[in-house]
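Asker: Here's the letter readout for the chains.
Protein chains: 2
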Amino acid sequence: MITLAVDCMGGDHGPRVTLAACRQFLDNHPDARLLLVGLKDSLQSFSHERATVVPATEVVAMDDPVEIALRRKKDSSMRVAIQQVKDGTAAAAVSAGNTGALMAIARYILKTLDGIDRPAIATQMPNAQGGATTVLDLGANVDCSAEHLLQFAVMGSALVSVLKGVEEPTVGLLNIGEEIIKGSEVIKKAGELLRSAANSGDLNFYGNVEGNDIFKGTVDIVVCDGFVGNVALKASEGVASMVVGGLKQEFSRNILTKAAAIVAYPVLKALMNRMDYRRYNGAALLGLRGLVFKSHGSADTMAFEQALNRAYDAARNNLLDRVRTRIAHAAPLLAPGNAQPTPGAAATTY
Amino acid sequence: MITLAVDCMGGDHGPRVTLAACRQFLDNHPDARLLLVGLKDSLQSFSHERATVVPATEVVAMDDPVEIALRRKKDSSMRVAIQQVKDGTAAAAVSAGNTGALMAIARYILKTLDGIDRPAIATQMPNAQGGATTVLDLGANVDCSAEHLLQFAVMGSALVSVLKGVEEPTVGLLNIGEEIIKGSEVIKKAGELLRSAANSGDLNFYGNVEGNDIFKGTVDIVVCDGFVGNVALKASEGVASMVVGGLKQEFSRNILTKAAAIVAYPVLKALMNRMDYRRYNGAALLGLRGLVFKSHGSADTMAFEQALNRAYDAARNNLLDRVRTRIAHAAPLLAPGNAQPTPGAAATTY
Chain A
16 MITLAVDCMG GDHGPRVTLA ACRQFLDNHP DARLLLVGLK DSLQSFSHER ATVVPATEVV
76 AMDDPVEIAL RRKKDSSMRV AIQQVKDGTA AAAVSAGNTG ALMAIARYIL KTLDGIDRPA
136 IATQMPNAQG GATTVLDLGA NVDCSAEHLL QFAVMGSALV SVLKGVEEPT VGLLNIGEEI
196 IKGSEVIKKA GELLRSAANS GDLNFYGNVE GNDIFKGTVD IVVCDGFVGN VALKASEGVA
256 SMVVGGLKQE FSRNILTKAA AIVAYPVLKA LMNRMDYRRY NGAALLGLRG LVFKSHGSAD
316 TMAFEQALNR AYDAARNNLL DRVRTRIAHA APLLAPGNAQ PTPGAAATTY
Chain B
16 MITLAVDCMG GDHGPRVTLA ACRQFLDNHP DARLLLVGLK DSLQSFSHER ATVVPATEVV
76 AMDDPVEIAL RRKKDSSMRV AIQQVKDGTA AAAVSAGNTG ALMAIARYIL KTLDGIDRPA
136 IATQMPNAQG GATTVLDLGA NVDCSAEHLL QFAVMGSALV SVLKGVEEPT VGLLNIGEEI
196 IKGSEVIKKA GELLRSAANS GDLNFYGNVE GNDIFKGTVD IVVCDGFVGN VALKASEGVA
256 SMVVGGLKQE FSRNILTKAA AIVAYPVLKA LMNRMDYRRY NGAALLGLRG LVFKSHGSAD
316 TMAFEQALNR AYDAARNNLL DRVRTRIAHA APLLAPGNAQ PTPGAAATTY
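In the order they appear, the protein sequences are chains A and B. Here the first sequence stands for residues 16 to 365, numbered as in our numbering. Here the second sequence stands for residues 16 to 365, numbered as in our numbering.
The hints are simulated quantities; they were obtained by calculation from the structure and are not laboratory data. Remember, it's a predicted structure, so these values are computed and weren't measured experimentally. Be aware that a few hints might be false.
Copies of the same chain look alike in the list, so a pair counts if it works inside one copy or between any two.
To be verified - Here are the simulated DSS-like cross-link-like pairs (lysine-lysine), alpha carbons at most 30 Å apart as the crow flies:
| no. | residue 1 | residue 2 |
| --- | --- | --- |
| 1 | 263 | 179 |
| 2 | 88 | 203 |
| 3 | 101 | 89 |
| 4 | 263 | 231 |
| 5 | 89 | 55 |
| 6 | 179 | 126 |
| 7 | 273 | 263 |
| 8 | 231 | 284 |
All chains, full assembly: derive it from the sequences and hints.
Answerer: The structure is reproduced here in structure tokens:
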């Protein structure tokens, strides 16, 4: 039996979406249990033999500053959900709430793994191979050092080996050219560390990749600092929205184009499904002593269920142990003192 | 009469594309003259009353290191074209060659304007408003200081006011959230400088924007360091390619989808035209004492002609004087000593 703790209050839609997703998830996973965390009044309507309500008296708002969420709302649904992981009553926590608050609370309650200075946010983006590319960091850390990027590569490799069953997933370093002389000093040094890690068998390092390689599917994992990753993710979402909006506009231009839309609909629908960001919802917070997954705040029921699925898969496949093992193996390269953590402002949304 | 110097040897296709584009450009601009720079043998077939061949004996290869291009090929078509601008025989130079080499040679020959530490590459990306968003820097500079970002904002404003006729174009600072507390120390300081510039009437500063705002068309100009801009540009190209590839794949799946493709073709074509990156070809190298435009290396005839059009518009509207005036006006904020130039590795392709 796999037990997940769900922050039912998080996200733009709250319990309306999270509870509907929880029901579907329970129906699809007979060996799963859910701890539904939130305001009693909001959750009392839900009843399922494998679900238990865990009351919390506060809710972290989407625009709460990290300090408020962390210091003033000690009985928030987000924090209580993460506490379940700390206490061992749940194998993973899932929230669609404020990313910055989630990261700060998770880090405060669970602490980071040995050898990890900073947790990272890893998500998947659809690629032209029909699969998805895992990208980290997505905004938890700005101003990363080369050592942080190496830590992200090691953690990302563990994540992908667990979620996709690829034993030695390929890692690319996001850069502005393929040549090793490209990029800032930090990126060049990160390239050196990643090559060392590849030589010692800790990583399957492909080399530098560029922004378009995320969507080509050139590598399984793309590593970058949180600022760059966040911009790349949002830029790509922006392009996708623009294309979808443009399609709608062009097809509704006149009676002829509307007729064309009816004919083309099944084909366009197939494409949309393939590239649907909702299918890839559920970002992993990696590097903590416990599993936490972040759903997009705007997730609908289908998308939030994907985040639950991802947390379930990670828990069932012992992601935490795998990350720990890989980190321990790469420890000589990650030696303390190599990395100087300087706290960066986390993104509210990833 | 506006005279442009064209490096006819640059780009993936060389004279086959550049000469065809030059002919179309001349046909469409009766008041333009072209100096066609390149190997004599490659250009001798071209004849037009408003075109003159300027011979060069060398060609910068797309993969030539900057040092080779700059120090060893002193009679390259790229360098001779830029020299025409320096000598005043051409109002602007256009090349589809190696970006790093073009920037280095342009900087060496033309020098930077007073108040500018580093030239930047500014390009346009299509947005959902049906227009284009100007983004800089696109890869000329990695590791920018806050002062560099301010310089980019001032130069970008001049460019857009000239090319689009918008007197006070809006400027957004690319960040990972809208709030002013977001981002790295450099970004936060850049935000302060941009607000100061707005207060003194030198800029129309909108505030922080995110990756998706480039494609929403939230602002006229998006400012970022070259690393981030390069990744955002290439990521967006990657998404666009993935969508186009996916459309082709889905529409060619079987006889029914092929029939749907025929019906939908005019509509899809209209969308493709609207979002065609070729229409926005022609990046400006800003901050130099002369006008230089960079075409994408893979440009076809239509795309290369767009780059020529852009150079022509910039020259006709005195872009250089406008940049100079704006820089002079913002000089107190750009005071020397504020910015410490540290040379970054330029991208080969932007």
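Asker: Quick one: which hint numbers does this structure break? Sort them smallest to largest.
Answerer: Structure breaks no hint.
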